[in-house]
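So the sequences go chain by chain: A and B. The opening residue of the first sequence carries number 0 in numbering that gives the first Met the number 0; numbering runs sequentially from there. The opening residue of the second sequence carries number 0 in numbering that gives the first Met the number 0; numbering runs sequentially from there.
Because the hints were derived from the structure by calculation, they are not lab data. Be aware that one or more of the hints could be misleading.
[To be verified] Simulated coverage check for chain A against chain B, where a stretch passes if three residues somewhere in it have a Cβ under 8 Å from a Cβ of chain B:
| # | segment |
| --- | --- |
| 1 | 62-74 |
| 2 | 199-211 |
| 3 | 220-232 |
[Claimed, not checked] Examples of chain A residues lying across from chain B (beta carbon under 7 Å, computed):
| # | residue |
| --- | --- |
| 4 | Ala44 |
| 5 | Arg90 |
| 6 | His314 |
| 7 | Leu404 |
[Stated by the list, open to error] To list a few chain A residues with every Cβ distance to chain B over 10 Å, as calculated:
| # | residue |
| --- | --- |
| 8 | Pro30 |
| 9 | Pro191 |
| 10 | Ala196 |
| 11 | Asn331 |
| 12 | Leu368 |
Please read these numbers as outputs of a predicted model, since none were measured by experiment. Where is the CB? At the ideal position from N, CA and C, for every residue including glycine.
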Amino acid sequence: MRYIPTTPEEREHMLRVIGVRSVEDLFADVPEAVRLRRPLRLRPALSDPEVVRLLRSLADHNGHADRLTCFAGAGAYDHFIPPAVWQLVGRGEFLTAYTPYQAEIMQGELQATYEYQTMVCELLGMEVANASMYDGASALGEAVVMARDLTRRDRVVLSQAVHPEYRQVVRTYTEPLGIRVVEWRHESGLTPPDPRAVDGSTAAVVVQHPNFFGCLEDVRAWAELAHGAGALLVVACADPLAFGLLEPPGTLGADIVAAEGQPLGNPLNFGGPYLGIVATREQFVRRMPGRLVGATVDRHGRRGFVLTLQTREQHIRREKATSNICTNEALNALAAAVYLSLLGPQGVRQVAELCVRKAHYLKSRIAELPGFHLAFPGPTFHEFVVRTPRSGEALVRALAREGFLGGVPLGRFYRGFRDALLVCVTESRTREEMDTFVAALERAVRRGRRAVGGRV
Amino acid sequence: MRADFPLIFERSVPGRRGFGLPAPDVPSVPLEQLVPPGALRSRPPALPEVSELDVVRHYTQLSHRNFSIDEGFYPLGSCTMKYNPKLHEEVARLPGFARLHPYTPEELVQGALRLLWELGEELRELAGMDAVTFQPAAGAHGELVGLLMVRAYFASRGERRTRVIVPDSAHGTNPATAAMVGYEVVTVRSDSRGNLDLAALEEQLDHRTAALMLTNPNTLGLFEEHVDRIAERVHAVGAQMYLDGANFNAMVGVTRPGDQGFDVMHMNLHKTFSTPHGGGGPGAGVVAVKAHLEPFLPVPVVVREGDRYRLDFDRPQSIGRVRAFYGNFANLVRAYAYVRSLGAEGLRAVAEHAVLHANYVRARLAPYYEIPYPRVCKHEFVASGVRQKKRDGVTTKDIAKRLLDYGFHAPTVYFPLIVEEAIMVEPTETESLQTLEAFVDAMIAIDRECREDPEKVRTAPHTTPVGRLDEVRAARQPDLRWKPKG
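Isolated chain A (complex conformation) (with noise of 0.2 Å):
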């Protein structure tokens, strides 16, 4: 049987020495009412190459981003990963290893951790970072839980500029607890500080930054605001990447901040796994949910590393723990790592300006074309909103014909946005492939015209 060693013989073995007759007796404290009585139905088993052969065949119906020329974000982005990266994080070691609850044998994990755990501080300006959570929609949705936690109060104003993603998440993780969420509206693609979004029961604000249309937001505002009336500022951020040349949310002001991680040397994976961040100041480290690795010393006085404080989590506390999360992300924040020490700060810093510089030439160059127009007049990190003269989703499906991915239309997202696509563009993407998506874009929406005599 595939990857079970036992032949015939062992198996009989093992029985005697069990003291049983048969493996069914080993079932014998199944009743019989539950037990299945017949064989599964399931598709037949394949040898090794019928399922490479298989696998191969349905990834090839797939328009991934070696065939279509990605200009979409949204919360995935297409940076160009270090081959180094996974062939190191893939080796066995790592792979197949579980929470280093050994430490003595887990030091590679544990110290490669603690790496994480300091590069993360180091690139959002924060003290503390978590072993990683799930991916940035639920580190936000935990944070808003930590901010409740902390400030023992139960109002939330979630600005509509967040990833709607996230939003929802939000909503999920607070609606059992009682928390009211209230949301901020957006305008001109920004959350305007406004001292009435404040009050003495608002234990938190949310806004992500850059933002979900790649916009600017004021944070340092925004946490004067919520500070002044004993609120949290909560940052949640889709590409931490943006802060290699943005000042970073602890410095403006973030008491949590919950970002997503893929975009530090992990795959698009069609939307998993990712790596959710969570950092903070470290007066509030004891309400922190997730993992957290220290630094100590063994009985011979030398440094070495363990799981720690873990006081907060379910397997000691149980129903008053700060979360339940057990098994994390520790995979995709070991590549986060290792693409961060790849990079360093000059590369943070060289690939987020070249992100800026080459999305802005993008977003200069559609403003130009003849009926397209940008949303919002605000500076952008990598992204930014289009007004179309299609409807977004009619666009993108036409550029998927010339190999481009054009974007994400936000009419799913957003009333009012049916004409508009968010669209991103990272260091992986070159002036020619802008060139021909450009020239894409105009063709698409002549031949839009077409179809439709005249009307878009």
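Once you've looked at the hints, dock chain B against the given chain A.
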């Protein structure tokens, strides 16, 4: 603090680089025109400045300071540390999966959606359930989805139930999840045979009960012998049966949770379906439910219409989302490859051999270690170091640490909480008789050491990269990040 092995930061040399990024190929515009000057970063992050070779050596050397299934036996109870096939790793990294953007139009992700649909069909059959969601990233995330659905189900019937019952042997995630969903947690004891105590359960069951969260086989590695009667009683008060499927490996093809009376369950694909554990994650926690809970599944749900597949977002009774996008897709690819590699017979053989191997190790260790529930176990069993503690003053922790010197990962220890000095062993079906023998020999040798040279065990491990670590110091003086000097 003496350090034998440097941090990556301690390898840093100013000006060194490990990347080859392109020069800008677009017209140069002063940065200040693109980003408001106040928004620019004032101080660069103190990331390491190292070459690519520095990075490769550093993380390769770190990998040598890690223990893994690829290196040796990993009998960590409750975690199902089975072999992770290389084939499944390779197919998960095909560009058609790994390079696929989650917002690619539906007609261009048909391969991915078909894979999900077919995986869902296979898992439904294995579970005896009617519908699945792929959204949860891990088991505990699945528990959250499951209980949120239970809550939504009662809300749709105008009922507000306030309590969730868990056995005293439950994983910590169960009560923690119940609390996240706003439920009061009621704990029920286990009986002398290691089953949930039926009488104690009945005392707690009433119209306030939303669900019983049960692990089966339970965390003692024992099948709940009265699971059908438990389900009857729980359903009699209108409550729901939740299965923590962490131990599904013992059941596949033998008995189905849906047939046992469970209404909702999660499966840890990183356990039963062999996706690698990654040093703590990522996992994948598929949740399967009976038809009456289907309307409450998180969005989106993968549906098939003829020979086309689609993501259905229009589900008014849905609990919403617990993450962005659709799930830990790369792990779903691995799990799909696993299910297709094994098929019906192969999966049933998994359960049979997991149980056979566990019982074999249990029988071999029984003369040396206390086995508090001496009956046939399922895929794992719980022993106790209580004899060694009384006799030799050596704890389970010491025994676990000593095992590391013998080249094995330790079993899960001090869990479940109801067994004193617990040692929970899960050998899995992918280990050979020779490996099991070697482990048994080591455990017997350690028992002898406890008698003859207890100090050696108490001060173990002796051969690992670092010795026993000071956990109290780590918690009292938290040092959670490296800090640049000055």
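Comparing the hints with the structure gives:
1. With 9 residues bearing a CB less than 8 Å from a CB of chain B, the segment 62-74 of chain A meets the requirement of three and the coverage assertion stands.
2. Residues of the segment 199-211 of chain A lying with their CB closer than 8 Å to a CB of chain B number 0, which falls below the three-residue condition for coverage.
3. With a cut-off of 8 Å between beta carbons, the segment 220-232 of chain A has 0 residues touching chain B; three or more are needed, and the interface restraint is violated.
4. Annotation: interface hint on A:Ala44 holds; nearest CB of chain B at approximately 3 Å, less than 7 Å.
5. Using the Cβ-Cβ criterion of 7 Å, the hint placing A:Arg90 at the interface with chain B is satisfied: the shortest such distance is roughly 5 Å.
6. Annotation: A:His314 was flagged as interfacial toward chain B, and the flag holds, the nearest CB pair being 4 Å apart, inside 7 Å.
7. For A:Leu404, the interface hint holds, since its Cβ comes within 7 Å of a Cβ in chain B; the closest pair sits about 6 Å apart.
8. At roughly 5 Å, the least C-beta separation between A:Pro30 and chain B is not larger than 10 Å, which violates its mark as non-interface.
9. Here A:Pro191 stays apart from chain B, with its beta-carbon at least about 15 Å from theirs, past the 10 Å limit.
10. Annotated as non-interface, A:Ala196 keeps its C-beta farther than 10 Å from every C-beta of chain B; the closest such distance is 22 Å.
11. With a least beta-carbon separation of about 6 Å from chain B, A:Asn331 fails to lie farther than 10 Å from that chain, contradicting its non-interface assignment.
12. Consistency note on A:Leu368: stated as away from chain B, and its beta-carbon is indeed over 10 Å from all of that chain's, at 17 Å minimum.
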